[in-house]
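Numbering-wise (our numbering), the sequence shown opens with residue 2 and increments by one.
To be clear, the hints were calculated from the coordinates, so they are not data collected in a lab. The beta-carbon is built from N, C-alpha and C at its ideal position, and this holds for glycine as well. Don't take every hint at face value.
As the list claims (entries may be wrong) - DEER-style ranges, computed between Cβ atoms:
{"#": "1", "residue 1": "Asp42", "residue 2": "Thr116", "range": "32 to 38 angstroms"}
{"#": "2", "residue 1": "Phe250", "residue 2": "Asp27", "range": "29 to 35 angstroms"}
{"#": "3", "residue 1": "Ser177", "residue 2": "Asn260", "range": "20 to 26 angstroms"}
{"#": "4", "residue 1": "Leu237", "residue 2": "Asp166", "range": "21 to 27 angstroms"}
{"#": "5", "residue 1": "Asp235", "residue 2": "Ser86", "range": "39 to 45 angstroms"}
{"#": "6", "residue 1": "Thr80", "residue 2": "Thr116", "range": "24 to 30 angstroms"}
{"#": "7", "residue 1": "Asn188", "residue 2": "Gly132", "range": "54 to 60 angstroms"}
{"#": "8", "residue 1": "Asp27", "residue 2": "Gln171", "range": "37 to 43 angstroms"}
{"#": "9", "residue 1": "Thr277", "residue 2": "Ser18", "range": "41 to 47 angstroms"}
{"#": "10", "residue 1": "Met125", "residue 2": "Thr72", "range": "41 to 47 angstroms"}
{"#": "11", "residue 1": "Lys53", "residue 2": "Gly288", "range": "45 to 51 angstroms"}
{"#": "12", "residue 1": "Glu258", "residue 2": "Lys53", "range": "39 to 45 angstroms"}
{"#": "13", "residue 1": "Pro226", "residue 2": "Ile142", "range": "46 to 52 angstroms"}
As the list claims (entries may be wrong) - Derived lysine to any residue pairs resembling SDA-like cross-links, with alpha carbons at most 25 angstroms apart:
{"#": "14", "residue 1": "Lys244", "residue 2": "Glu258"}
{"#": "15", "residue 1": "Lys180", "residue 2": "Gln269"}
{"#": "16", "residue 1": "Lys57", "residue 2": "Ala111"}
{"#": "17", "residue 1": "Lys97", "residue 2": "Lys107"}
{"#": "18", "residue 1": "Lys244", "residue 2": "Ile145"}
{"#": "19", "residue 1": "Lys270", "residue 2": "Met172"}
{"#": "20", "residue 1": "Lys7", "residue 2": "Lys92"}
{"#": "21", "residue 1": "Lys194", "residue 2": "Ile272"}
{"#": "22", "residue 1": "Lys270", "residue 2": "Met140"}
{"#": "23", "residue 1": "Lys22", "residue 2": "Lys139"}
{"#": "24", "residue 1": "Lys139", "residue 2": "Ile272"}
{"#": "25", "residue 1": "Lys139", "residue 2": "His119"}
{"#": "26", "residue 1": "Lys223", "residue 2": "Asn263"}
{"#": "27", "residue 1": "Lys139", "residue 2": "Arg60"}
{"#": "28", "residue 1": "Lys97", "residue 2": "Met140"}
{"#": "29", "residue 1": "Lys184", "residue 2": "Ile212"}
{"#": "30", "residue 1": "Lys270", "residue 2": "Ile212"}
{"#": "31", "residue 1": "Lys53", "residue 2": "Phe74"}
{"#": "32", "residue 1": "Lys22", "residue 2": "Val58"}
{"#": "33", "residue 1": "Lys22", "residue 2": "Val105"}
{"#": "34", "residue 1": "Lys198", "residue 2": "Thr277"}
{"#": "35", "residue 1": "Lys270", "residue 2": "Ile32"}
{"#": "36", "residue 1": "Lys184", "residue 2": "Ile145"}
{"#": "37", "residue 1": "Lys92", "residue 2": "Ala279"}
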Amino acid sequence: MEIRYKLYPYPVLSHYSDDYKTGEFDVSIDIVRDGYNLRVDFLSTLTSSGLKELIKVGRAQYVYHLECAQTGFRTVVRTIETSASFMISNKSVNGKLQICPFVVAKEDIAGFSITDFHDDYSEMSFDIEAGCVMAVGKMAIIDISKDIDDLANTPSIFSIIRNADTNCKQMLVDMSGRKIVIKLPLNDYYSYKQLSKTPQAQAILNSLTIIPALTYVLAELKCMPVNDRIENADTLWYKTLSKTLLTQFDCNIESTEFNSCNCIELSQKLINDPITDAFQMLTSSFGISGGDDE
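Build the full structure now, drawing on both the sequences and the hints.
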């Protein structure tokens with residue numbers, strides 16, 4: 002959605018019209034990486050006392066329309082606060098993200114008139130319907146580059162193999178080598194190999210194998226004295242894991258602060274939260290509607 006120089010049947014505060022003699026509506030928009038996701042921070046500047054009063058009493062609100070044409074992502078953020086934040090999954094956007102800021106009526110406003118109207122509208126009043134635009138800010142276009150890969154998409158640090166011990170019926174994890182080795186019982190391994198040929202099943206497989214393996218590895222590292230963790234520095238998995246934690250999550254694996262991390266939560270974030278996608282895949286496969294309370 003692009004903001005066009007649109008004419009309205011009533012005065013609208015915008016940078017491209019003189020409907021208001023004074024007054025400004027401007028929004029500062031910052032994109033901050035939060036792990037693999039994006040946090041959009043909004044900070045609005047509104048100097049029209051009439052519009053600010055409408056927002057204060059709950060009759061109008063700030064509205065931010067976010068759209069990514071390449072992925073089809075589209076959403077609206079509504080708030081009465083001058084500052085707000087919104088989280089976007091990295092999976093949802095790619096390329097250009099368009100953000101259009103507005104002030105919009107929350108309810109019907111009868112006889113709207115303020116002294117800041119242009120002289121052409123002096124002593125005139127207008128009936129504003131709920132949902133109508135009352136102010137338009139400048140559109141922001143943010144380039145979202147996919148320059149990151151979650152660890153699940155970096156197969157070089159994981160090796161999923163068949164456990165040679167036929168008596169073992171459980172998944173085992175070995176972190177002693179160059180890679181994190183996930184050993185599956187014979188039948189489970191061949192089931193994994195078959196399912197891995199189906200891209201739609203990847204989130205399920207990651208939830209079943211990669212997440213518990215990473216949780217185990219992180220927990221083992223937490224149990225080590227800080228100085229002993231660096232003994233793994235020559236392994237590929239440790240180099241990749243420590244770099245990803247530091248650059249994407251501001252988490253230093255070789256610090257005492259790492260000891261307070263939640264291993265199961267962190268392992269999910271490192272794999273770009275596949276459990277939600279896994280549940281969606283399973284519910285759609287079984288014809289079940291997700292998100293319903295019993």
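Hint check:
The hinted range of 32 to 38 angstroms is satisfied by Asp42 and Thr116, whose Cβ atoms lie roughly 33 angstroms apart. For the pair Phe250 and Asp27, the beta carbons lie near 32 angstroms from each other, so the given range of 29 to 35 angstroms is met. Roughly 22 angstroms separates the CB atoms of Ser177 and Asn260, a value that falls within the hinted 20 to 26 angstroms. The hinted range of 21 to 27 angstroms is satisfied by Leu237 and Asp166, whose Cβ atoms lie roughly 25 angstroms apart.
Checking the proposed 39 to 45 angstroms range against Asp235 and Ser86 shows it holds: the Cβ atoms sit about 40 angstroms from each other. Checked against the hint of 24 to 30 angstroms, the pair Thr80 and Thr116 passes, with Cβ atoms roughly 27 angstroms apart. The hint said 54 to 60 angstroms for the Cβ distance between Asn188 and Gly132, and at roughly 57 angstroms that hint holds. The given range of 37 to 43 angstroms is broken by Asp27 and Gln171, whose C-beta atoms sit roughly 59 angstroms from each other.
One distance hint, 41 to 47 angstroms for the beta-carbon pair Thr277 and Ser18, holds here, with the actual separation near 43 angstroms. A C-beta distance of roughly 44 angstroms is found between Met125 and Thr72, which places it inside the suggested range of 41 to 47 angstroms. Judged by the Cβ atoms, the range 45 to 51 angstroms given for Lys53 and Gly288 holds: they are separated by roughly 50 angstroms. Take Glu258 and Lys53: their Cβ atoms lie about 42 angstroms apart, and the range 39 to 45 angstroms holds.
As the Cβ distance of Pro226 to Ile142 is approximately 49 angstroms, the hint placing it in 46 to 52 angstroms holds. Distance check on the hinted pair: Lys244 and Glu258 sit about 16 angstroms apart at the alpha-carbon level, within 25 angstroms; holds. For the suggested pair Lys180 and Gln269, the alpha carbons sit about 19 angstroms apart, so the restraint of at most 25 angstroms is met. A threshold of 25 angstroms between alpha carbons decides the hint, and for Lys57 with Ala111 the separation of about 17 angstroms falls inside it, so the pair holds.
For a cut-off of 25 angstroms, the pair hint linking Lys97 to Lys107 is broken: about 29 angstroms separates their Cα positions. At most 25 angstroms may separate the alpha-carbon atoms for a hinted pair to count; Lys244 and Ile145 meet this at roughly 22 angstroms. Distance check on the hinted pair: Lys270 and Met172 sit about 22 angstroms apart at the alpha-carbon level, within 25 angstroms; holds. For a cut-off of 25 angstroms, the pair hint linking Lys7 to Lys92 is broken: about 33 angstroms separates their Cα positions.
Of the pairs offered as hints, the one joining Lys194 and Ile272 holds, with about 20 angstroms between alpha carbons and a cut-off of 25 angstroms not exceeded. A threshold of 25 angstroms between alpha carbons decides the hint, and for Lys270 with Met140 the separation of about 31 angstroms lies outside it, so the pair is violated. Taking the CA atoms of Lys22 and Lys139, the gap is near 18 angstroms; set against the 25 angstroms cutoff, the hint holds. For the given pair, Lys139 sits about 36 angstroms from Ile272 by alpha-carbon distance, which is inconsistent with the 25 angstroms threshold.
A threshold of 25 angstroms between alpha carbons decides the hint, and for Lys139 with His119 the separation of about 21 angstroms falls inside it, so the pair holds. Note on Lys223 and Asn263: the hinted pairing holds, with a Cα-Cα distance of about 10 angstroms set against a maximum of 25 angstroms. Taken as a hint, the Lys139 and Arg60 pair is honoured in the structure, with Cα atoms around 22 angstroms apart against an allowance of 25 angstroms. Using a Cα cut-off of 25 angstroms, the hinted pair Lys97 and Met140 holds, with the two alpha carbons roughly 12 angstroms apart.
Our distance criterion of 25 angstroms between C-alpha atoms is met by Lys184 and Ile212, whose separation comes to about 14 angstroms. The hinted pair formed by Lys270 and Ile212 meets the criterion: a straight-line CA distance of about 9 angstroms does not exceed 25 angstroms. A C-alpha spacing of about 30 angstroms is found between Lys53 and Phe74, which places the hinted pair above 25 angstroms, so the restraint is violated. Distance check on the hinted pair: Lys22 and Val58 sit about 23 angstroms apart at the alpha-carbon level, within 25 angstroms; holds.
With a C-alpha separation of about 20 angstroms, the suggested pairing of Lys22 with Val105 holds against the 25 angstroms cut-off. The suggested pairing of Lys198 with Thr277 holds, with an alpha-carbon distance near 21 angstroms, which does not exceed 25 angstroms. Distance hint between Lys270 and Ile32 is fulfilled; the C-alpha atoms sit about 19 angstroms from each other, no more than 25 angstroms. For the given pair, Lys184 sits about 37 angstroms from Ile145 by alpha-carbon distance, which is inconsistent with the 25 angstroms threshold.
A C-alpha spacing of about 14 angstroms is found between Lys92 and Ala279, which places the hinted pair at or below 25 angstroms, so the restraint holds.
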